[in-house]
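> Listed here are the chains, written in short residue letters.
Number of protein chains: 2
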Amino acid sequence: LDDDVPLILTLDEGGSGSSAPLGDLDREELPDENGGSYDVINDASSPAAGDCCAQPSSARHNWEMNYQEAAIYLQEGENNDKFFTHPKNAKALAAYLFVHNHLFYLMELSTALLLLLLSLCEAPAVPMLRLGIFVHATLELFALIVVVFELSMKMRWLGFQTFIRHKRTMVKTCVLFVQFIEAIVVLVRQTSHVRITRALRCIFLVDCRYCGAVRRNLRQIFQSLPPFIDILLLLLFFMVIFAILGFYLFSPNPSDPYFNTLENSLVNLFVLLTTSNFPDVMMPSYARNPWSCVFFIVYLSIELYFIMNLLLAVVFDTFNDIEKRKFKSLLLHKRTAIQHAYHLLVTKQRPSGISFKHLEGLLRFYRPRMGAREHYLTFKALNQSNTPLLSLKDFYNFYEVVGLKWKAKRNREHWFDDLPRTAFLIFKGINILVKSRAFQYTMYTVVAVNGIWILVETFMLQGGNFFSRNVPWSYIVFLTIYGVELLLKTTGLGPVEYLSSGWNLFDFSVTLFAFLGLMALAFNMEPFYFIVVLRPLQLLRLFKLKKRYRNVLDTMFELFPRMASLGLTLLIFYYCFAIVGMEFFAGMVYPNCCNTSTVADSYRFLNHTVGNKTVVEEGYYYLNNFDNILNSFVTLFELTVVNDWYIIMEGVTSQTTHWSRLYFMIFYIVTMVVMTIIVAFILDAFVFRMNYTRKNQDSEEDNGIVLEKEISKEEVVGIIELYKRSSAAVDTSQLQKIVLQMDKYGQMSTVFLGRRSRTKSDLSMKMYEEEIQEWYEEHSRKEESQPPLQEPAAASNSSLKPLSLRQRSQTVI
Amino acid sequence: LDDDVPLILTLDEGGSGSSAPLGDLDREELPDENGGSYDVINDASSPAAGDCCAQPSSARHNWEMNYQEAAIYLQEGENNDKFFTHPKNAKALAAYLFVHNHLFYLMELSTALLLLLLSLCEAPAVPMLRLGIFVHATLELFALIVVVFELSMKMRWLGFQTFIRHKRTMVKTCVLFVQFIEAIVVLVRQTSHVRITRALRCIFLVDCRYCGAVRRNLRQIFQSLPPFIDILLLLLFFMVIFAILGFYLFSPNPSDPYFNTLENSLVNLFVLLTTSNFPDVMMPSYARNPWSCVFFIVYLSIELYFIMNLLLAVVFDTFNDIEKRKFKSLLLHKRTAIQHAYHLLVTKQRPSGISFKHLEGLLRFYRPRMGAREHYLTFKALNQSNTPLLSLKDFYNFYEVVGLKWKAKRNREHWFDDLPRTAFLIFKGINILVKSRAFQYTMYTVVAVNGIWILVETFMLQGGNFFSRNVPWSYIVFLTIYGVELLLKTTGLGPVEYLSSGWNLFDFSVTLFAFLGLMALAFNMEPFYFIVVLRPLQLLRLFKLKKRYRNVLDTMFELFPRMASLGLTLLIFYYCFAIVGMEFFAGMVYPNCCNTSTVADSYRFLNHTVGNKTVVEEGYYYLNNFDNILNSFVTLFELTVVNDWYIIMEGVTSQTTHWSRLYFMIFYIVTMVVMTIIVAFILDAFVFRMNYTRKNQDSEEDNGIVLEKEISKEEVVGIIELYKRSSAAVDTSQLQKIVLQMDKYGQMSTVFLGRRSRTKSDLSMKMYEEEIQEWYEEHSRKEESQPPLQEPAAASNSSLKPLSLRQRSQTVI
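If you read the sequences in order, they're chains A and B. Under this note's numbering, read the first sequence as residues 1 to 813, first letter to last. Under this note's numbering, read the second sequence as residues 1 to 813, first letter to last.
Careful, some of the hints might be misleading.
Below, in silico cross-link-like pairs of lysine-lysine (PhoX-like), each with a Cα-Cα straight-line distance of 20 Å or less [claimed, not checked]:
| hint | chain 1 | residue 1 | chain 2 | residue 2 |
| --- | --- | --- | --- | --- |
| 1 | A | K328 | A | K82 |
| 2 | A | K695 | B | K324 |
| 3 | B | K324 | B | K334 |
| 4 | B | K334 | B | K82 |
| 5 | B | K334 | B | K766 |
| 6 | B | K695 | A | K326 |
| 7 | B | K393 | B | K766 |
| 8 | B | K405 | B | K737 |
| 9 | B | K326 | A | K695 |
| 10 | A | K82 | A | K334 |
| 11 | B | K695 | A | K328 |
| 12 | A | K324 | B | K695 |
| 13 | B | K326 | B | K82 |
| 14 | B | K328 | A | K695 |
| 15 | B | K782 | B | K334 |
Because the hints were derived from the structure by calculation, they are not lab data.
Construct the complete structure from the given sequences, taking the supplied hints into account.
Listed below in structure tokens is the structure:
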């Protein structure tokens with residue numbers, strides 16, 4: 001047992017160089033030998049803050065410190081936190097643990113959301129949510145004080161030096177300061193001034209731990225900007241050339257309002273770039289001379305069809321490149337984190353690997369919820385060489401393995417295998433029926449018929465009153481069929497297998513909701529929308545038919561998190577523009593406001609009497625205003641869709657100044673950037689996925705990563721013994737259950753399946769397989785040129801002789 | 001000299017299997033030895049048709065036959081003609097030579113163009129070009145007869161069997177037949193019926209030899225269709241679901257005309273997909289209930305932002321894949337062609353390679369314009385192993401090498417090196433000045449100032465009369481500066497070096513045209529447009545500044561041929577739709593035509609008096625009609641740009657039937673396909689190019705392929721001797737000039753540079769480097785499993801001993 005001394009207790013000794021790790025305090029008190037062997041498990045049951053730093057007196061404690069620091073390193077690797085933010089001392093560690101906590105994250109998020117949502121109630125407020133100035137300013141101050149608290153905790157963790165160096169946090173602090181002053185000013189003056197700085201509130205949301213994806217997106221957008229701007233300049237350059245040309249060519253035509261000044265000429269060509277005014281802008285000159293269409297055709301061909309696509313190509317390319325570089329740096333960062341953790345876990349006596357005990361200690365900190373069974377299975381899964389110790393090479397797979405969810409492999413093929421003979425035969429029959437192609441295609445036919453039925457029914461309905469409370473009988477018929485199908489499938493496959501397929505889950509929920517709608521009807525509620533919305537959804541099942549659709553939908557689900565984060569990024573831009581728009585344009589647009597502009601018709605609202613009928617002439621565009629934040633969002637969405645955006649622009653411009661156009665044009669360019677990147681992202685993701693499928697055409701059907709590990713009864717018993725010997729508080733009931741199970745079925749071993757869904761990172765791993773090796777080599781070469789981490793090991797223990805068998809059986813556990 | 005018997009005279013013997021090649025006739029008369037050695041050059045000076053098949057009596061003639069057949073194989077490889085169209089006998093050969101001829105190609109092209117252009121003069125004709133029915137029908141008949149002649153020549157070449165098997169030609173024949181009958185009917189009835197089949201005239205153009213790129217595009221489009229249609233169905237499916245939903249939700253609103261019937265609901269959601277009616281379609285329901293915007297936002301997010309991009313992704317991916325497969329098959333086809341040619345050129349005695357003499361014979365047929373010098377340089381360039389014979393491996397580079405343009409490398413650094421000392425120093429000074437960064441940046445500044453000047457000047461001009469005949473003095477000043485720059489550069493660099501750069505050429509021509517404009521002014525002509533158009537063009541020089549722009553512009557030029565062919569493909573679709581549109585909608589749309597429709601405003605043309613002023617209210621949309629083919633093209637372009645296309649659709653629909661919408665919707669989908677493919681192509685090309693640049697960052701500056709070959713004086717003299725000995729009619733003056741040049745400068749050898757511009761194929765070669773090797777191996781494996789081409793060689797000549805020196809010096813030549 002004398003081999004249980006950590007090789008390095010502080011990374012300082014290990015030569016990581018960049019920072020003094022938290023082991024610092026304990027250096028002087030380091031004993032050469034470790035007293036307790038497994039009672040370690042006993043006295044450090046929870047990785048709570050401060051607990052581990054309070055009593056640094058025993059050597060055993062050093063192991064706990066090392067476990068915790070290793071877990072922190074691995075966390076940093078996972079979250080892509082830079083190592084220079086690694087906690088440096090016990091105080092910092094306490095702050096670190098306080099800050100890295102879901103409660104704290106939630107607090108961060110809710111404060112940020114509160115601040116953002118305040119704009120619903122402030123000055124140009126949504127009518128229903130209007131609050132007094134005193135109320136919302138107080139709320140704001142409260143939220144800001146919470147942010148101050150959060151920041152001070154972060155400062156405690158990072159230390160003043162690092163805090164200052166950390167750009168994002170510094171920006172946040174400045175914004176916080178400005179917001180604070182403004183909130184106090186508002187409270188004192190009891191009136192809201194022009195507060196464009198409210199647009200900066202987004203930074204509080206962006207800085208949340210949960211918004212890491214948004215931060216990455218923003219970074220990626222900013223990194224894509226330089227090439228984007230280059231091409232944008234090319235675009236604007238041609239626009240100016242054509243504006244000059246257009247002005248010369250068309251301004252002599254008095255009936256052409258689009259080119260009468262150079263400014264108009266420029267603005268209209270900008271709008272033409274979005275095609276928003278297309279045939280109209282050409283018409284006056286086209287009516288005069290048919291050949292003038294050449295000007296417009298050439299302009300559109302160059303600008304819209306060539307340079308705009310070029311823009312997409314350049315962004316796509318840059319995006320691709322950044323994506324790859326990001327993946328590379330993340331991968332190497334994780335690798336470094338694993339190295340750091342590894343060197344904290346090996347013992348002085350055996351620097352060639354980590355024993356199960358130490359891995360278990362690490363996992364207690366890294367994944368507090370993991371049970372004893374998972375600990376051992378993780379060790380088994382990592383341990384590819386089947387030696388009692390995990391080598392660094394084994395340990396490199398840590399992140400891939402630790403995410404697996406373990407389940408015992410079922411021995412029975414069907415859920416009804418244990419039932420009596422007759423029942424078995426019945427269920428077996430149902431099972432065969434349900435799995436048959438005929439059954440499947442019958443169902444597809446039913447769904448198709450249902451679809452046609454709905455279409456025809458709706459078509460026949462025109463003009464009739466479809467608000468009658470009678471549910472059409474076809475609805476009940478089809479629902480019955482779906483219900484029977486559901487029952488058959490559940491009984492035939494067993495509920496667990498049935499619901500393990502995403503498509504079945506979808507069928508199940510749609511049918512269930514339809515039933516609920518029917519029930520609601522029986523109890524005289526408003527089931528109408530239910531039915532309307534849910535009926536066509538059944539048709540989605542048809543898309544199971546083709547592999548391409550399955551692929552598309554799978555990819556869609558895989559991409560959903562990224563898509564959502566991109567959507568959120570877009571919303572953050574919306575928020576900024578909405579605030580600015582509200583400050584400048586609120587209340588500017590109203591019915592009949594813009595009678596002097598060229599777009600007066602769209603803003604008209606007239607109630608005049610022709611004969612004895614009242615005719616309402618309504619242009620509706622006054623609805624697209626910036627009167628409150630919700631309206632602003634809708635208006636901005638309309639601007640994003642681009643069509644007829646110039647009507648909104650011209651309406652506002654006619655009520656304010658020419659310079660308002662800048663707002664709209666800048667918004668257009670910003671959304672163009674973001675939308676181009678979204679397009680590039682979708683393109684990239686799908687092309688990537690399709691390439692991947694093409695590369696692995698054989699293994700197309702499995703979705704997710706699956707690992708199989710066999711555990712023998714002896715092993716399990718051994719571990720239970722060990723835990724008992726060490727009188728640990730670890731719950732071994734899970735393990736005991738396994739033993740019981742094995743006894744029941746008379747097996748000598750059980751096979752466990754570890755499963756997790758495939759992530760983008762797994763796909764990238766496979767795609768860049770060859771390059772990854774190069775990166776690793778390059779990385780390790782770079783590290784060798786620095787003072788290496790491994791050196792102390794080599795220095796203190798130059799003879800790496802194989803362990804004896806006795807040692808081996810000991811260290812297995 | 002007894003080694004001069006071809007290894008195979010006909011491919012039949014060689015076992016090509018698929019077809020009996022043209023050597024057929026000569027098989028019986030094959031002598032075992034070849035009499036003449038180099039007098040071959042004497043009696044087959046031109047590869048004229050029939051010439052080679054007329055006198056198959058001498059063995060020497062067999063060589064000529066082999067040369068010609070090899071040349072035909074190589075041509076087929078280059079043009080991607082399948083080998084089953086290889087001419088089978090002397091008659092077919094004559095027809096082949098007749099058909100593969102620029103004169104014939106031109107005839108083909110002009111007939112096709114004539115047929116297409118006829119629609120300018122037929123029934124709904126362009127007013128100025130209207131022709132009598134008798135005239136245009138006669139013209140049509142004439143053109144069709146020419147096509148019949150062309151087809152009969154092709155039939156002669158292909159033989160009836162192959163002719164029937166060739167799909168494209170068969171379709172063409174059918175179309176021809178229909179057109180013939182219709183033309184006769186028109187001529188007889190003296191009136192034009194509904195001739196939608198005119199849309200099929202495009203096939204005559206598509207079938208032209210010069211339109212190979214268009215054919216390839218069309219094929220690629222059709223190959224991309226299946227995945228495209230899949231996603232399109234997904235799109236339409238969601239559209240139907242939302243249409244039903246929208247109908248239920250919004251039809252109770254009487255002020256909402258967009259969703260009052262299911263048909264309207266569908267049509268409007270289709271238009272919404274193009275965003276063309278966006279805020280308007282939402283406004284009535286939005287005015288009633290603000291939350292109804294959710295419906296539209298969800299619809300647009302799913303359809304426009306997700307599925308449409310998915311469409312692009314799928315097309316991009318398919319396109320990419322097809323592009324690669326196409327490249328692969330082209331490459332392998334060329335390889336096979338080279339193998340066929342190789343086996344026709346090796347001799348029975350030395351089957352391991354081709355001697356210069358035989359290569360020269362081949363080149364005489366393959367490139368009749370090539371001189372003796374180029375022949376020898378091509379041989380040298382191919383001959384990488386420096387043995388007297390070209391191995392098959394050497395010969396594989398044939399296509400890469402044969403395209404090179406050879407030039408002697410100049411020994412002098414500057415053009416003025418030979419001038420007297422003073423002049424030299426002056427020119428050297430200018431040279432240094434011109435090449436200095438300061439000079440370059442001064443010029444950039446001048447251009448920028450010029451740009452700003454033009455902008456300001458135009459801006460100041462507003463409302464003034466800018467049609468004065470005075471050229472602004474700034475124009476003269478800047479032009480003078482550009483003139484001086486041009487002079488300095490020409491003198492400093494020498495005209496040849498100056499003009500060898502594309503950018504300088506651009507500068508030169510712009511400045512020259514500006515001068516011409518000035519001259520025209522001096523002679524009181526209309527130089528106005530000249531100046532207006534040319535002045536801003538100077539600003540384009542600014543884009544030399546950044547590498548990215550240079551890259552973009554270079555790529556643009558490289559892509560230009562492909563872009564043009566894609567444009568032509570689009571035009572062909574336009575033509576078809578224009579004909580159909582003219583037949584159905586000509587004359588339907590006129591001012592105030594559509595007063596019953598929802599888009600009546602856009603078609604209004606009113607002249608009414610308010611007070612004492614005449615107010616013209618003009619909607620202009622009646623100009624977007626199908627009254628003649630030119631108008632139709634403009635209308636179709638407007639439909640392609642998509643914005644407000646529904647106004648055109650609704651206008652026409654209100655004058656005809658609901659079914660007219662099908663025409664517009666189908667056109668939208670077709671252009672969507674073509675435009676998506678154009679976008680995919682641009683994306684692909686640029687991404688490819690950028691990847692390429694990233695891969696070869698070191699060799700970024702060279703544009704084009706360059707090969708260097710040194711030729712010693714002895715070699716040249718030897719070749720001249722040889723040509724003389726063989727009393728050939730080949731012009732050796734070029735070679736003699738080289739010798740003179742060498743004598744003059746006292747050199748023993750001259751270095752020649754072979755240059756050609758880089759093509760997409762070269763880029764692909766580099767990109768797929770690794771895969772290409774696999775393809776080759778796979779290909780040769782496949783060939784080995786077939787009766788191989790090489791076998792007779794191995795059988796008849798199993799000992800491939802190295803040639804003796806004596807033989808060597810002989811065969812060099």
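> Need the list of violated hint numbers for this structure, in ascending order.
No hint contradicted; all consistent.
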